[in-house]
Each structure stands twice: as structure tokens, then as C-alpha cells.
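Line order of the protein sequences matches chains A and B.
Residues 1 to 358 in the working numbering are what the first sequence spells out, letter by letter.
Residues 359 to 729 in the working numbering are what the second sequence spells out, letter by letter.
It should be emphasised that the hints constitute simulated quantities derived from the structure, not laboratory data.
Among the hints, a few may not be true.
To be verified - Below, computed lysine to any residue pairings styled on SDA-like, alpha-carbon distance capped at 20 Å: (1) A:Lys155 x B:Ile452; (2) B:Lys689 x B:Glu447; (3) B:Lys709 x A:Leu330; (4) B:Lys543 x A:Ile60; (5) B:Lys709 x A:Asp327; (6) B:Lys545 x A:Gln328; (7) B:Lys564 x A:Gln59; (8) A:Lys155 x B:Lys398; (9) B:Lys709 x A:Leu332; (10) B:Lys656 x B:Leu524; (11) B:Lys398 x A:Asp327; (12) B:Lys564 x A:Leu330; (13) A:Lys53 x B:His387; (14) A:Lys155 x B:Leu524; (15) A:Lys155 x B:Val389; (16) A:Lys335 x B:Ile558; (17) B:Lys709 x A:Gln59; (18) A:Lys155 x B:Lys545; (19) A:Lys335 x B:Asn561; (20) A:Lys155 x B:Lys689; (21) A:Lys155 x B:Asp370; (22) B:Lys545 x A:Gln59.
In case you want the letters, here they are:
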Amino acid sequence: MWSFSNIADIIHEWLNKTFNATLATLFEMVIAGVCVIGLFAVLGLILVIMERKVAAWIQIRLGPNRVGPKGMMQSMADTLKLLVKEAMTPDGADKFLFNLAPYIAMMVAMLLMAPIAFASNFMMWNLNIGVLYVSAISSVSVISILMAGWASNNKYSLLGAMRSGAQIVSYELSAGLAILSIVVLSGTLNLNEIVLSQADGWWIFKGHIPVIISFIIFIIAVTAETNRAPFDLAEAESELTAGFHTEYSGMKFALFFLAEYVNVFIVCAIGATLFLGGWMPFHIGHWEGFNHIMDFIPSSLWFFGKTFFLIFLIMWFRWTFPRLRIDQLLNLEWKYLLPIGMFNLLLVTAIAILGWYF
Amino acid sequence: MVEELGTNTEGDLIINVGPQHPATHGVLHLVITLNGETIKKVEPHLGYIHRSIEKMCESLTYRQYIYVTSRMDYLSSHINNHACALIVEKGMQIEVPPRAQVIRVLMDELTRIASHELWWGSMAMDLGAFTPFFHAFREREAINEIMEETCGARLTMNYMVPGGVLDDLHPDFQRKVKEFISLYKRKISEYDEIVTGNIIFQNRMKGVGVISAADAISFGCSGPALRGSGVSCDIRKIYPYEIYDKIEFDEVLETAGDSFARYMVRIREMNQSIRIIEQLIDNIPEGDFQAKTKAVLKLPKGEFYQRVETARGEFGIFIVSEGGTNPYRIKFRSPGFSNLSALDHMARGSKIGDLVAMMGTLDLVIPDIDR
Chain A
1 MWSFSNIADI IHEWLNKTFN ATLATLFEMV IAGVCVIGLF AVLGLILVIM ERKVAAWIQI
61 RLGPNRVGPK GMMQSMADTL KLLVKEAMTP DGADKFLFNL APYIAMMVAM LLMAPIAFAS
121 NFMMWNLNIG VLYVSAISSV SVISILMAGW ASNNKYSLLG AMRSGAQIVS YELSAGLAIL
181 SIVVLSGTLN LNEIVLSQAD GWWIFKGHIP VIISFIIFII AVTAETNRAP FDLAEAESEL
241 TAGFHTEYSG MKFALFFLAE YVNVFIVCAI GATLFLGGWM PFHIGHWEGF NHIMDFIPSS
301 LWFFGKTFFL IFLIMWFRWT FPRLRIDQLL NLEWKYLLPI GMFNLLLVTA IAILGWYF
Chain B
359 MVEELGTNTE GDLIINVGPQ HPATHGVLHL VITLNGETIK KVEPHLGYIH RSIEKMCESL
419 TYRQYIYVTS RMDYLSSHIN NHACALIVEK GMQIEVPPRA QVIRVLMDEL TRIASHELWW
479 GSMAMDLGAF TPFFHAFRER EAINEIMEET CGARLTMNYM VPGGVLDDLH PDFQRKVKEF
539 ISLYKRKISE YDEIVTGNII FQNRMKGVGV ISAADAISFG CSGPALRGSG VSCDIRKIYP
599 YEIYDKIEFD EVLETAGDSF ARYMVRIREM NQSIRIIEQL IDNIPEGDFQ AKTKAVLKLP
659 KGEFYQRVET ARGEFGIFIV SEGGTNPYRI KFRSPGFSNL SALDHMARGS KIGDLVAMMG
719 TLDLVIPDID R
């Protein structure tokens, strides 16, 4: 059957037949890199147009509808505009850090794509500590925001960056605990193996209420981690104009913008992998017939369907909720989410040890 | 410059909010002194859109100066015009026909609803929720269409003139207003669902920007900003003008004095306005829409004051007349100016995000503050 892993195998075999092993590995790396950059750009474009269409739908508007069919080329046009726009560096800014920050933001988003299983046995890097890698790398994104805020020499940017620093560092704990509960249940840190452990049902169905609580905590925490409303304090536009990227223009701004959207995609992909079975089709226990029918839907479709469902959820939050205040934001994390998450992890561990999951 | 005022110490962060800033909804300039995220002082700087309207009015006749007042508080231009017409009628003892009186009150209340709706949307936007803005504009658009048909304008109406109103109602007026009332009643529950009942919203509003009744009075607050602190100050009740003394409606009062109280006052006021419109819409008397007035209006020598209740509070006009065709001196008492002066008192010790919420609940219209 046609699948991404087959294509990858064919390419791998052909490269190894044609070139020697070292050269083949090098070519594979280049191909993977090009794929990541391509995916980065395509995802950015798709998510921007999706956000605008979802927002329009919620806000009783039409959204972009002039460029291309149903306005679908709008984000292409916007990108083109941003590309030709002058990327200014303000006077008094720390030029090196100011120009470096957007690339770090982009780099982090790209690195995070490596261990994600996009389809059945198809991932860029089959990493045995995938979950740890994702948690570790995603923490780096705060550095780019702090860098941008500090180097801009703008008080709004600085405030935005400081808020963002406090926010990301705090919410990472909750996100980590929520992720940990699935690691405890599945007994592996490899994202592909976590998917395989859900062959007889996704964790959100198998793991009783504690996993559902984990899932809710995870969604809240990653919404905060990616600086999305209602936790968009770092770029609170009515308070801090645009927060840490106030001074950025042109493609440097676009890189931040794209990185934000790709980060949303990545956290949703991780959420889908951990809780909703990743590329695993919808299986119910040992109903062989039913499971077999579900297998006919390609695994990549399952993965992207679940991911985009979660992305839609996060977009829905953004266009519905007002923004929290900084002290309320930190209260929510340290007084509610973190203690609940810790207690919940104990429950999950008990379930895992006693084997009470289905 | 701020250092001269003696409140700045080492380590304070001074930020200019405005004159161009998304939260100020106009060219208001606030210099805020921060300690981290906490506000130590807010200092409004005015004058960016000062058009010297008071001075202009001195060279305009009593028919002409109405058109300038529409440009002050552009969200309640009907009510500003109303005050201008009333003061001339008071000075010249012009009897306004009953039809014109009812039309004026209807227009005032529609304006109040439109203004509160825009405020509701923009305040939600200040708090980071974009969607309510579009919901609010959907209902406001219905009012704008009604206004457009009768007055020929959507923002600066210039419809009320000394002696009555400029022109008769459009034949569709009653039907359209009834349609609007039914639309409004269907949609108002959405307002509660999407904003009022939201837990994040309530946490952002409750206990924030508290101002006591005594402080609010001493700052000269009026309108919802004062009624949110529990002080009865509705000009329509205390100094009734036109036919407000014959209409049944309640003065909305909240006692908490915080942002949420001011918010609820406005929301409940919209319902009271609907109540007034419902009483009047089927009872518009027949007759003239304008009294017969002299071609040239001259106020007798003396001093005149007229106050009305706009959507933002007490709007007053003070005219010193020398008996000529134009005022010798004119002074407008705008609600926004006094309400803004209370902002510093409210904001001290709260966070930047709260400052935006407080400004939202004060419902500042900058051209009204800066004339």
C-alpha cells in the first residue's frame, strides 16, 4: 500500500545503490532538511490562512476572499509583501542579538519537527528519547523571545519579553507533567513507540479520567507556551502594542510569525501523538473487523486530521476568550495547574502500576 | 520632566502609552510610571486633537454651532445636538411640539444604545477578545441604518435644531425600530454568554479600578462611571428635560465601584433604553416636527446652562450671551474629561493590563475630552 514510509524506503534503497554509504547518508540529511524547510513554509502559509478563515467564521465575517480561489492565496501574497519589505534595525538596538533572535525562533521550530511521527513509521529522526528532546528544545524558544525583547531597546518589547519569560518557564512544568503521565503509561520516550502503544485504543480513552485531566492541562499549558490567546501576554496588542516583536518588520517579523504558527502545529502534533494516538487509526480493543476498516484510511491523514483538530481548538480559544492578567496567569499555573498536575501524575502512576488501563 | 514631579525614583520605568496606541482609541497620551508591571502613576497629556471648538462657537450663530458639537463626542452626537437645541429653546422660550419631543427622546435612546454597543465591543477588545467587537457592530449597524434613513448621516447627525428636529421621520422608522428591538432582544443573551459570564472576564473586572463614591464625586465623574459607585446622578431623573419625567424607566445603580460595576451599569442601561423606546415607538403624536421660529435666533442677555445625560455622563453647555446672534462665551462640560481625571486614582497599584480595562470602562472618547 502507498504510504510515506514506502516512499522513504525506496529513496533510501536507491541512494544506497547509487552512491556509497557516507554520501547516501549525506543526501538523506539534505533531503530531510529540505523537507523540514518546505514543511515549515507550507505549514506557516496554511495555518495563517486557516487562522484567518476560522476567525472570520467565528466573527461573522468572510475573511480574505480576493486573492486566489476563496482567498486561499492571501497568505502567499502576504509573504511576498513581507519578503520585499525593508527589514529595519532600530537605532540603539543591539544589532547582533536583534538580528539573531528571529533565526533562533525559527531554528527551534524546525528542530522540533525532527522526532515527530508524521505517518506510520515515518519520522525524520527515530529518536529513543523523543519526548525529552521535544521538552528540552521547546524551552530554548524563550531565549529568542527574551533576546528580541532585550535587544530591541524598546520598553514595550522588554515588558513583553519579561512576561513571556515568566510565562513559558512556568507553563513548561505543567506541560512536562502532562507529557510525563503518558510516558508513565506507555513506558517509552520514543514518540513512534508511544503511538504503537495505542494500537488497541488511544490513551485518552484507555487511561480513564486522569489522562483526560492530563490532556486538559496539556492543552492549557501549550496554549500558554506558544503565547496564544488567552495567554498572549507577551504580545498583548492592546497593552504592549505587539510586545517583543514591536520593532521587527519585514521578513524578520515574518520569521517570528511563522515560528509561532509552526510551534502551534508542533505542540498540537505532540498532543495528538500522546493523547489521540498520532498516526494510529481509531481502534477499539479487539474488534478486528472495525479496526481493519479504519486501517484503510492512510495513517498520515489520521495524524494531520487529529493535529488540525487540536489546532482548531486552540484557534477557537483565541477568538473566544479575553486575555488574562500576568498575576492571574501565574496564579493559574502555580496554584492550580501544577498541584493538580502533580497529583494527577500520582494517579496515573498508580493506574500504570496496577494495570488498570484497558 | 516627570522627575520634577518628585514621584520618580531610581529604577522606575516610564512608558508613553500613546498618542498612537491601540488601547487609547484615539490620540490620548498617557505617561505611566511603572515599577515592574505595577503602575505607580498615570499622567494623561491632552491637546493632540484640540480644535478649539469653544472658540469657534463664539463666531457661529445659534443655528450653526450645533454642527460643531457633533464633532465632539461623535458617538452621541444626537445628545450633544439635543443640549444645544435645549439651551436655545430655554433662552428664547420656544415651545417644542410634542412630536418633536418624542422624536428627540427616541433618537437619544437609540444613540445611547449604539454608543454602549460600540463601547462594549471595544472594551472587550481592550481585554484581548476580538470577537465581541464584530457582534456589537452587527447590532449597531441596524441603528446606524435607522439614523441614516431619517437624518441622512450615520455619525454626525446634526438632526436636532432649535425648535424641534430638522426633518420628519422616515416612513419606515417605526417598523425598522421595532425590528431592531426584536433583534436586540434576541442577541443580548449572546453578550452575556460571550463576555459577561466569562470567568476570565469577570476576574479581570471584579475588584479592579475601585473608586469610592466620595472620590468619584470629588473627581467630578458622571454617568456610568459615577453610577457604578452607587451615586444617583442620572440627569434624566434629577433634572428631567424634554419628556423624560413622563416616561417610566429606572436609573441603573451598582454599588461596588469597580470595573465590573461600571460594566454592568452600561449593560443594564441598554435594557432601560430599550424600555423607553418601546413605550414611545407606538405613541409618536401627530403634528409638527418643528416649532415656528424666527429666522435669526438671538439669546437674551444673560447666562444659560443646560445639562443632558449622554452615554458617557453629564454633558453641559454654559453660554454667556450679550444678546447677539452668537454666544459671547461658550463652555462645554464634557463627561469624558472629568472621568479621565479619575484614572490616575483608580490605576495606582494595579497592573498594566488593568489600566487598559479601566480605560475601557470609563468609555473615553478622545475628541470629547480634547475639544
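Given hint Val389 of chain B paired with Lys155 of chain A - CA-CA distance at most 20 Å: Holds. Lys155 of chain A to Val389 of chain B sits at ~13 Å (cutoff 20 Å).
Pair hint outcome, Lys155 of chain A versus Lys398 of chain B [Cα-Cα no greater than 20 Å]: Holds, at roughly 16 Å.
Given hint Leu330 of chain A paired with Lys709 of chain B - CA-CA distance at most 20 Å: holds, 14 Å
Hinted pair Lys398 of chain B and Asp327 of chain A, Cα distance within 20 Å: Cα-Cα ~17 Å, so holds.
Pair hint outcome, Lys709 of chain B versus Leu332 of chain A [Cα-Cα no greater than 20 Å]: With Cα atoms ~17 Å apart, Lys709 of chain B and Leu332 of chain A stay inside 20 Å; holds.
20 Å Cα cutoff - pair Lys564 of chain B, Leu330 of chain A: holds, 18 Å
Pair hint Lys709 of chain B and Gln59 of chain A, alpha-carbon separation not exceeding 20 Å: Cα-Cα ~29 Å, so violated.
Given hint Asp327 of chain A paired with Lys709 of chain B - CA-CA distance at most 20 Å: Roughly 9 Å between the alpha carbons, so the hint for Lys709 of chain B and Asp327 of chain A holds.
Satisfaction of hint between Ile452 of chain B and Lys155 of chain A, Cα-Cα up to 20 Å: The given pair, whose Cα atoms are some 58 Å apart, is violated under the 20 Å limit.
20 Å Cα cutoff - pair Lys656 of chain B, Leu524 of chain B: With a Cα-Cα distance of about 19 Å, the restraint between Lys656 of chain B and Leu524 of chain B holds, given a limit of 20 Å.
Agreement of Lys335 of chain A and Ile558 of chain B with the hint, judged by alpha carbon distance not exceeding 20 Å: Holds: Lys335 of chain A and Ile558 of chain B sit about 16 Å apart, inside 20 Å.
20 Å Cα cutoff - pair Lys543 of chain B, Ile60 of chain A: Holds - the C-alpha atoms of Ile60 of chain A and Lys543 of chain B are around 19 Å apart, at most 20 Å.
Against the hints set out earlier in the document, violations occur for numbers 1, 6, 7, 13, 14, 17, 18, 20.
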